[in-house]
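Could you put the whole structure together from the sequences, leaning on the hints where they help?
For reference, the chains in residue letters:
2 protein chains.
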Amino acid sequence: MELDWVKRFEEGHAGEKHLLGGKGANLAEMTRVGLPVPPGFTITTQACRAYFEEDSRLPKGLMDQVNDALKDVEAAQDKGFGDAANPLLVSVRSGSVNSMPGMMDTILNVGLNDLTVEGLARLTNNPRFAYDCYRRLVQMFGNVVFGIDGMQFERLLHDLKRSIAIERDSEISAESWQTLIEQYKVLIKRQARIEFPQKVQDQLTMAVESVFRSWDNPRAKVYRKVHQIPDIQGTAVNIQAMVFGNRGEDCGTGVVFTRDPSTGEKVLYGEFLTNAQGEDVVAGSRTPRAIKELEDEMPEVFRQLTETAERLEMHYKDMQDIEFTVELGKLYILQTRGGKRSAQAAMKIGVDLVAEGVLAPAEAVRRVDASHLDQLLHPTIHSDADLHVLAVGLPASPGAASGLAVFDADTAEEWAQAGRRVVLVRAETTPEDIHGVLAAEGVLTSRGGMTSHAAVVARGMGKPCVCGCEVLRIDTELGTLSVGDIVVRQGDSVTIDGSTGRVILGTVPLREAEMTAELRQLLSWADEIRTLKVLANADNPEDARKAREFGAEGIGLCRTEHMFLLPERLPIVQSMILADTLEGRMEALSKLLPMQRNDFAGLFRAMDGLPVSIRLLDPPLHEFLPNLEELKQRLEQVGRAEGGSGSSSASAGVAVVDTQTDTRPELERLIRKVKSLHEVNPMLGQRGCRLGILYPEIYEMQVEAVFLAVKDGLQEGLQVIPEIMIPLVGHVNELKLLREMVDHTAARILNEDTAQCAYKVGTMIEVPRAALTAGQIAEYADFFSFGTNDLTQMTYGYSRDDAEGKFLTAYVDRKVLEHNPFQVLDRDGVGQLIDWAVVKGRAVKPALKTGVCGEHGGDRQSIGFCHEAGLDYVSCSPFRILLARIAAAQAKLEADEKV
Amino acid sequence: MELDWVKRFEEGHAGEKHLLGGKGANLAEMTRVGLPVPPGFTITTQACRAYFEEDSRLPKGLMDQVNDALKDVEAAQDKGFGDAANPLLVSVRSGSVNSMPGMMDTILNVGLNDLTVEGLARLTNNPRFAYDCYRRLVQMFGNVVFGIDGMQFERLLHDLKRSIAIERDSEISAESWQTLIEQYKVLIKRQARIEFPQKVQDQLTMAVESVFRSWDNPRAKVYRKVHQIPDIQGTAVNIQAMVFGNRGEDCGTGVVFTRDPSTGEKVLYGEFLTNAQGEDVVAGSRTPRAIKELEDEMPEVFRQLTETAERLEMHYKDMQDIEFTVELGKLYILQTRGGKRSAQAAMKIGVDLVAEGVLAPAEAVRRVDASHLDQLLHPTIHSDADLHVLAVGLPASPGAASGLAVFDADTAEEWAQAGRRVVLVRAETTPEDIHGVLAAEGVLTSRGGMTSHAAVVARGMGKPCVCGCEVLRIDTELGTLSVGDIVVRQGDSVTIDGSTGRVILGTVPLREAEMTAELRQLLSWADEIRTLKVLANADNPEDARKAREFGAEGIGLCRTEHMFLLPERLPIVQSMILADTLEGRMEALSKLLPMQRNDFAGLFRAMDGLPVSIRLLDPPLHEFLPNLEELKQRLEQVGRAEGGSGSSSASAGVAVVDTQTDTRPELERLIRKVKSLHEVNPMLGQRGCRLGILYPEIYEMQVEAVFLAVKDGLQEGLQVIPEIMIPLVGHVNELKLLREMVDHTAARILNEDTAQCAYKVGTMIEVPRAALTAGQIAEYADFFSFGTNDLTQMTYGYSRDDAEGKFLTAYVDRKVLEHNPFQVLDRDGVGQLIDWAVVKGRAVKPALKTGVCGEHGGDRQSIGFCHEAGLDYVSCSPFRILLARIAAAQAKLEADEKV
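Chains X and L, in that order, give the protein sequences.
Taking our numbering, I'd label the letters of the first sequence as residues 1 to 899.
Taking our numbering, I'd label the letters of the second sequence as residues 1 to 899.
No lab work stands behind these hints, which were simulated from the structure alone.
No experiment lies behind these values; they were computed from the predicted model shown.
Treat each hint with caution, since some may be false.
[Said to hold, decoys possible] Which stretches of chain L does chain X cover? Using the computed rule of at least three CB atoms under 8 Å from a CB of chain X, they are:
#	segment
1	157-168
2	679-686
3	794-804
4	819-833
[What the hints assert, rightly or not] Straight line, CA to CA, 20 Å or less: simulated PhoX-like cross-link-like pairs of lysine-lysine:
#	chain 1	residue 1	chain 2	residue 2
5	X	LYS673	L	LYS806
6	X	LYS632	L	LYS632
7	L	LYS632	X	LYS675
8	L	LYS225	X	LYS736
9	L	LYS675	X	LYS632
10	L	LYS225	X	LYS225
Note that beta-carbon positions come from the ideal geometry of N, C-alpha and C, so glycine has one too.
In structure tokens, the structure reads:
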């Protein structure tokens, strides 16, 4: 039995994209709902696959079916294909399953030859138009079918115009076009050693075959590789009667959106040109007119268009982007698709469509696009025009910021206090720069990856950050940043875009973040749908308050080390680390205790009635000390100062040395300590609960501070729900030991208040072994918080610092990995560990609370996994809360659909 | 119903250790088989537990049962407890389930008081003996029951001896003993405010209670903690009639082994003293006589002893260590246990017992002790006497070595070529020191852990190594090694013991490794039993030959990077890394190709007919470059030389600079490259197959070399079975890509020889994700080789370099972890991943070959796991092959027992 290679528009529908391609399915759908679509039919993708399977031969029976279908088009248009008196012209267009804009070929005006062109001239009474059409066909054919460089045709056209001293194509006469057509024919003959086909049947066959072939042209192949479109898919071919917007003043062409794509307002929005074809609108040689003016010009067409727009929107239940053509006063719809829109417009359209009864609220929520939320919630660059992009680094913390470049933290703080907006520029940041980060609008570094100090701190503060921008040469001493010949000095303006990684010269207008009424509405619908709770990662009361405003249902992760990094505390923390005895450490800890107590009390106040999960100290201690390189430099300076002045007293030496802190013995002691704490692989070293077991006094101080703050909170009449989270547990005995300490300390401090505070003790699951032995660990844990950043590092064996920007980038580029697993949670590996841990943990303790607190907690796809895995919550940065609320609802809707 | 707190010796047996303790069960067993054991009974561990449960009160009915049992002892001995005319004396000894030597208390001679002592004097006609016995009882009672410091009794004894001018206890008269006894009584009264009990019943009760209490004394508690003996277990108490070897010349005491414990020869071996008690033998105040002399002295006793020894050996089916006492010509056996023996003796005894029909071969194999094999296979220090131990570092590679200390690799090589034995001493080693390691007898470093360069290289070469010995101050420039005041200079002798980590001053006699006929016999029995294959980790033909001699059934891991480190190749490898272009890399690789081809050909020759698994390049590239610190120093030297001489030409400057290699631009280029390759966590960075994907030309060269060598081998008529192993795969796509490359290269090179070479392609499973997704990976793998070193690192999140000697040591000390997971494979975590991967892998590919090639492949317990997990093989260093063959057989026997 012969296959159906061809489907007429009236036989197909939108669901047949795989067979008809996107464009074909769309044309069929529009035809089906009765819109004025020029008649035509589609050669299926199956035919294309057959073509390639049969060594690039058109499948048997294909052209017979094409001709049958073409007869119907002739009948519909009352014209004949190749009929010299009344010729039918058709377009032959590619149309793949996934959109591949501009990658494949199209030929228009097929059906014209030396005879039919005269017929068209007579029929339209417009020889200039007819010969122009013919000229276009010959040019496209030469280029697409015979592979002749398009520039050669353009040069002939250019010569012609010069010879007749005419600038605009529209002024060229029919005779001149005829001359050009003859020149084109000669060019084809000479280059392709074949005559331009005069038989319209040959034209059609060659055009179809050439569209098939264009599936395998180099740019299409690259595009498919980049967008992971299977090579085997093939393209459909759409053959459709030509309509012309350039046959006179009762003709025209245009594009309309059914709503305003920047504001979302419900008005017909778009532009049109009379007596023109689509490419004239694109070329920009004539300025199109606002669609409103069409009402005066062609009131009936405008009425039809308005009605059609309404119908299409109702049909597709979304704002549409419609291409139309008017031929001799008759409206044709050539294409419709979901219209691109601004973030603001997207929210408004979603909410309005619900109000209009077109969409259910759930559907509006389902359609919210994560990238739109990102745009709404961070300042963005107002327009991409006229940007002087110096370099592109890693997009480490989203949002854009402009300010004066400063090269050290002290200046940043000073200038900011003087009311200037600054961008802190460093080769890399250390904990000692934190006041500079705080003062700056954003941070730019030349070294370090997505988890470098700068990146982590900036994300935590919601400040834009571009890091690891290695092409920049940053000279901190000179206070310059240079790339190529361009030098930015201290005080020059720069802009960074932390969402794209761009570093831009000068100040750029920004669009501020805003929380619209529509967004609030969508969020409230999302909250009704979702089952996954959304908590915040917040380390201080201010972030906690902000998170609560954004709808956080508690704090899922408070990283207490961030409290250690505050400038007034760091010296105390350092003295704790440098102490050689328990007594020395205890003394420093006793100074930190009231500070931490105060921190926690603030968090409890901000989160009154909601849980606050406090993770005990996690990073290796050397992170709180200056780095070795820097210390050695300081020691050298001391040496030079001593040598220069002949004594160690302050004098007018060459190098200015802070004699208060930088004494030789002090520096040497520091260097010894930094060396002794040095680790080959700090990621896998002495950190997390390993610290808590080796130096129990540190964790004890922290737990004591938590429960003292609980007492403070209870006294203020707050409802306090503290959770103590033990990081980096890999063996049940670690948790067992530390849980005993927590319970013991809690009992000691709370005393008679014990009944009023139902605290929890749990653990991060971030070491693969913890997930594997979750059944044992659950015995001692009230909750599991999956630290998916570290879990991903260890499950893959990737150091994020070393992988991102290096081999991981290459892996994603070459499709070894589908996604960067630090951005999108890896279901097969990491996800399997999470599933296992949840199942084993709940088997032992059914009430076990589970959640994700890594950066995946703010990623849409990963939130989908969390919902499916049956987790109780995700916890993310305050700035991701809104996205997480939407994504959690979307995950629920998606999961329900699957059932 | 009342419990049975007491069991008579004749009622128990060896299987009741839990109830009767080790000693009690043993006494019961000996009684049961009819040996002449002094009569007695055991108070069970249950009674001890009840004692502690009831707040340290003797359980109800206990003393009644004791007295009943005591009546039987009285009857057997025909004496009365407390009978002034014919007194029975008893010993009251502790006896726990697990041996806790000397940790708990014992009281002898219970039953003596002011009256019975006179009876004993009369009965034995030996007042001196009787009062000495009484004096001992009072002294022990004072010390053990009343807790009076033993020194106070010793001082009184000392004063007495001085006052009567006598030196030896045996010369003290009955009267003097009586005086001392009165002084002891006064001491007790004064210190304990209680009289020494004259009622023998009170003595017994107090003695029992005091032994119970000694279960909880501080040293016993510490001992239990260290040896993981549960606190709840409790001790048994053995009450037994006293027998005396010191009642005259027809009395005596001694110890015999049923075979010679150093050679294993079947002769009665031991010593005895006439007219003496056990403690006299221990005290060494009299020199014991060889057991042979007993034959002349007491022929009947000797005959009985010989017969008893024979019976005991037959009964326990093992060489016995027997304590005996002769009282008035009658032989009593006090204790028997498995005798400690040398490694050589252990092997001989095992094999002899099989020959004698006592043991089955499997049982002889089951009893082989891993530590004995270690001793046999590495040179060991002949005797621990007179060692001047300077320091103890990490035992990084087993065996001992003596030699002259040298502080750089070149000198090591030079001196070794001149025939001197040297020990290479470095702060740490780098690939550039490798010729020094090769030349040296052993390696000593002050920095670096069990996986440091020195450790890994030394283990690979089977050379002793002590590393990370941080108390040593090593000054390479001066050529000194110092610790405290002691300075070892170049050319001074040192000895290292890589099995214990000891660093010893001077030369020490060593016992060389030897392969005895008995060991060969045991190994051949083991081979018949085991199902697990044993392969070798070998990187060169010499190691491969050695491994084959030791019985390796192929090479399970050839680390090709070791081939890159050879001194003549390292510069080429470095130039490959430093090349900025593909062409540059290809040029260097083309030089390496013939060398690698030659390496592989040598391996195939050595392993003719056996599989050779070749792992492609694994370590990060920066490991092949000098470290940054060193380069900076060299750059500084160049700077000084330039400054000093005013030009860069060679001159008599301060620092000697190798102007051939150390030019400023060259060094600066090196420094840039080293910096660009620097990684924060190199363990999780750009290594393994990540290198192979980023720089395909490196792996392609290696695979090409393998298959060229295959062709060479085929031409020589060898049977070549190559396996290509891709390291660090974490995602199936990595293996898929690289397997395609291997198959493609193999086809290209082998060509018409393809049919003759059934090569395999497989992967290391060393990243947790690889184990988790083993089902996917197995599609492209012919074998899985579990790299348990890295798998342990990532599953636990431990960097071995940072953990060992640091927190991991603390974890094991504090019992957070039972074992160092790098030494003994972690069943719960890492083991679970292996089990999972084997199951999932075989489900997809039933013929999948699986094995372990980490260091666990040479560890007894871990080999047990490998057998249970159903792996096909283990692969270990050549020096562990013999142990692995035995361990694999033991694992099989153990597993069969469980079924």
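Within 8 Å of chain X's CB atoms, at least three CB atoms from the segment 157-168 of chain L: coverage verdict: Check failed, 0 qualifying residues.
LYS225 of chain L paired with LYS736 of chain X [C-alpha distance capped at 20 Å]: OK: LYS225 of chain L and LYS736 of chain X at ~18 Å, within 20 Å.
Hint consistency between LYS675 of chain L and LYS632 of chain X [alpha-carbon to alpha-carbon, up to 20 Å]: 18 Å, holds
Within 8 Å of chain X (C-beta), three or more residues of the segment 794-804 of chain L: holds (count 9)
20 Å limit on alpha-carbon distance, applied to hinted pair LYS225 of chain L and LYS225 of chain X: 62 Å, violated
LYS632 of chain X paired with LYS632 of chain L [C-alpha distance capped at 20 Å]: 13 Å, holds
Per-stretch coverage check for the segment 679-686 of chain L, three Cβ contacts closer than 8 Å to chain X: Satisfied; 8 residues make the cut.
Holds or violated: LYS673 of chain X to LYS806 of chain L, with C-alpha atoms at most 20 Å apart: With Cα atoms ~15 Å apart, LYS673 of chain X and LYS806 of chain L stay inside 20 Å; holds.
Whether chain X covers the segment 819-833 of chain L (at least 3 residues having a Cβ closer than 8 Å to its Cβ atoms): holds (count 6)
20 Å limit on alpha-carbon distance, applied to hinted pair LYS632 of chain L and LYS675 of chain X: Since the Cα atoms of LYS632 of chain L and LYS675 of chain X sit roughly 18 Å apart, the hinted pair holds (cutoff 20 Å).
In summary, the numbered hints that this structure violates are 1 and 10.
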